[in-house]
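Chain by chain, the residues:
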Amino acid sequence: MTGSPAGPGRSGPHQVLLALYALFALAAGARSIVQLATRAHEAPLAYSLSLVAAATYALGWLAIRQASVGRAGFASVMLWVEVAGVVIVGTASVVERDWFPEPSVWSGYGIGYGFVPAILPIAALLWLRGQDPSRAPGLDLVSAFKIVAFAEAVSWSGLLVGMFFKHVVDAGEQGVEIFGPIHGTVFVGYVLVALLTWNRLGWSIPVALTALAAAIPPFCTVFFEMWAERTGRLDTADPRQELKHVLD
Amino acid sequence: MPGPLDQISIIAIGYAVIVALACVYSALRWRARPPWLDSLAWMLEVLVVIRALAGLAVLAGGSRPEEFSTHLGYLIASVCIVPIALGSVPDDRGPWSVGVIGVAAVAVLVISVRMMTTL
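Chains as they are written, first to last, in this note's numbering: chain H, 1 to 248; chain U, 1 to 119.
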């Protein structure tokens, strides 16, 4: 996946990011080139956007490699470009279905790839923030868990409103079509962050399973987060130390 | 048509799941990358190579899958992923390098499934 040693061979989360970026550059690139070469007329926009996605992943790979040796400038721009691409193409694919007779890589916020395309740039941006030594300890893992627990509840309310309009008011499926993929993305993100938090904070198995189960019924992630906060299960001795432990 | 090719694919898929789960286990322990994980990954590579050779034999025998270029692309990618992943973290035994192998195992898993569906 990563063609050559990452940075100065330093161990860290960027190795996994680089592997994923290389894989997605390869997958999206091969897919779009085959599609454009063999049946470009079927969905020219979707296939071209897949090629754009592939180029973005290749540039993202370069950006993360540079950031891993201390040159974060390119990454801080490139990763936001990628976020914008996923959001714009993802939203366009659910709002203007006619533009996408065939799916593109970022269709439905990357639903065809298990929402990894939506989570990848966010994970990379979080990593990038942790790289900056001048930053005060801000977005550590616990904060990320709180944010994603709240986002999970927000996406649930969007989905419920969409379901209300679809089934009760019978006003069409658009709400569900938009919030479905968003909720899916946040769900996968919550599960990943919950697993990491479990690992770092040493939750017991019942607490960890409750955290994961809370992702399934609506709004329960927020209740879990409030309970965990109250009972001291989100306490870290020193968040900075915790993060350093993760990075080591 | 469930032939020997599909059987090898199913074994490779099942084995890739085992490698991915081993990576999850190893990552949760958060120690240095254990040597047995490399061995597991190389065994997955052997399976995938056998699968690719059998697949090439079928293609050489005149069988043309509907999505030929896609299928061939998966065939080539399937054998490249594990060596590149292991080659990118040769001397690095840090726990994060387990993630790289995990990504490779999941990629091989997805590719093996797609190879069955595009045949």
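Simulated from the structure, these hints should not be mistaken for lab results. Wrong hints could be hidden among the right ones.
Claimed, not checked - Some chain U residues near chain H, calculated using beta-carbon distances under 8 Å:
#1 34
#2 36
#3 103
What the hints assert, rightly or not - Here are the computed distance ranges between Cβ atoms for each label pair:
#4 U:7 x H:76: 33 to 43 Å
#5 U:59 x H:40: 18 to 28 Å
#6 H:209 x U:60: 43 to 53 Å
#7 H:66 x U:24: 28 to 38 Å
#8 H:216 x U:30: 22 to 32 Å
#9 U:35 x H:160: 31 to 41 Å
#10 H:166 x U:63: 40 to 50 Å
#11 H:229 x U:56: 49 to 59 Å
#12 U:64 x H:10: 28 to 38 Å
#13 U:59 x H:143: 30 to 40 Å
#14 U:6 x H:212: 44 to 54 Å
Yeah, the Cβ is synthetic: ideal placement off N, Cα and C, and Gly gets one too.
Outcome for the supplied range 44 to 54 Å, where the beta carbon pair is residue 6 of chain U and residue 212 of chain H: violated, 34 Å
Cβ separation of residue 7 of chain U and residue 76 of chain H, checked against the hinted range 33 to 43 Å: violated, 49 Å
Whether the CB-CB distance between residue 64 of chain U and residue 10 of chain H falls inside 28 to 38 Å: violated, 47 Å
Beta-carbon spacing of residue 216 of chain H to residue 30 of chain U - inside the hinted bounds 22 to 32 Å or not: holds, 27 Å
Cβ separation of residue 229 of chain H and residue 56 of chain U, checked against the hinted range 49 to 59 Å: holds, 57 Å
Hint check for residue 40 of chain H and residue 59 of chain U - Cβ pair distance inside 18 to 28 Å: holds, 25 Å
Cut-off 8 Å, beta-carbon criterion: hint that residue 103 of chain U touches chain H: OK, holds: residue 103 of chain U within 8 Å of chain H, min 4 Å.
Given hint residue 36 of chain U near chain H, where the shortest CB pair must fall under 8 Å: Since chain H brings no Cβ nearer than about 19 Å to residue 36 of chain U, farther than 8 Å, the hint is violated.
Range agreement (Cβ of residue 24 of chain U with Cβ of residue 66 of chain H, hint 28 to 38 Å): Holds, at about 30 Å.
Pairwise beta carbon distance, residue 209 of chain H to residue 60 of chain U, judged against the given window 43 to 53 Å: Roughly 50 Å apart at Cβ, these two residues keep to the hinted range, so it holds.
Range agreement (Cβ of residue 143 of chain H with Cβ of residue 59 of chain U, hint 30 to 40 Å): violated, 52 Å
Range hint 31 to 41 Å (beta carbons of residue 35 of chain U and residue 160 of chain H) holds or violated: At roughly 50 Å between Cβ atoms, residue 160 of chain H and residue 35 of chain U fall outside 31 to 41 Å, so the hint is violated.
Hint compliance for this structure: hints 1, 2, 4, 9, 12, 13, 14 are broken, all remaining hints hold.
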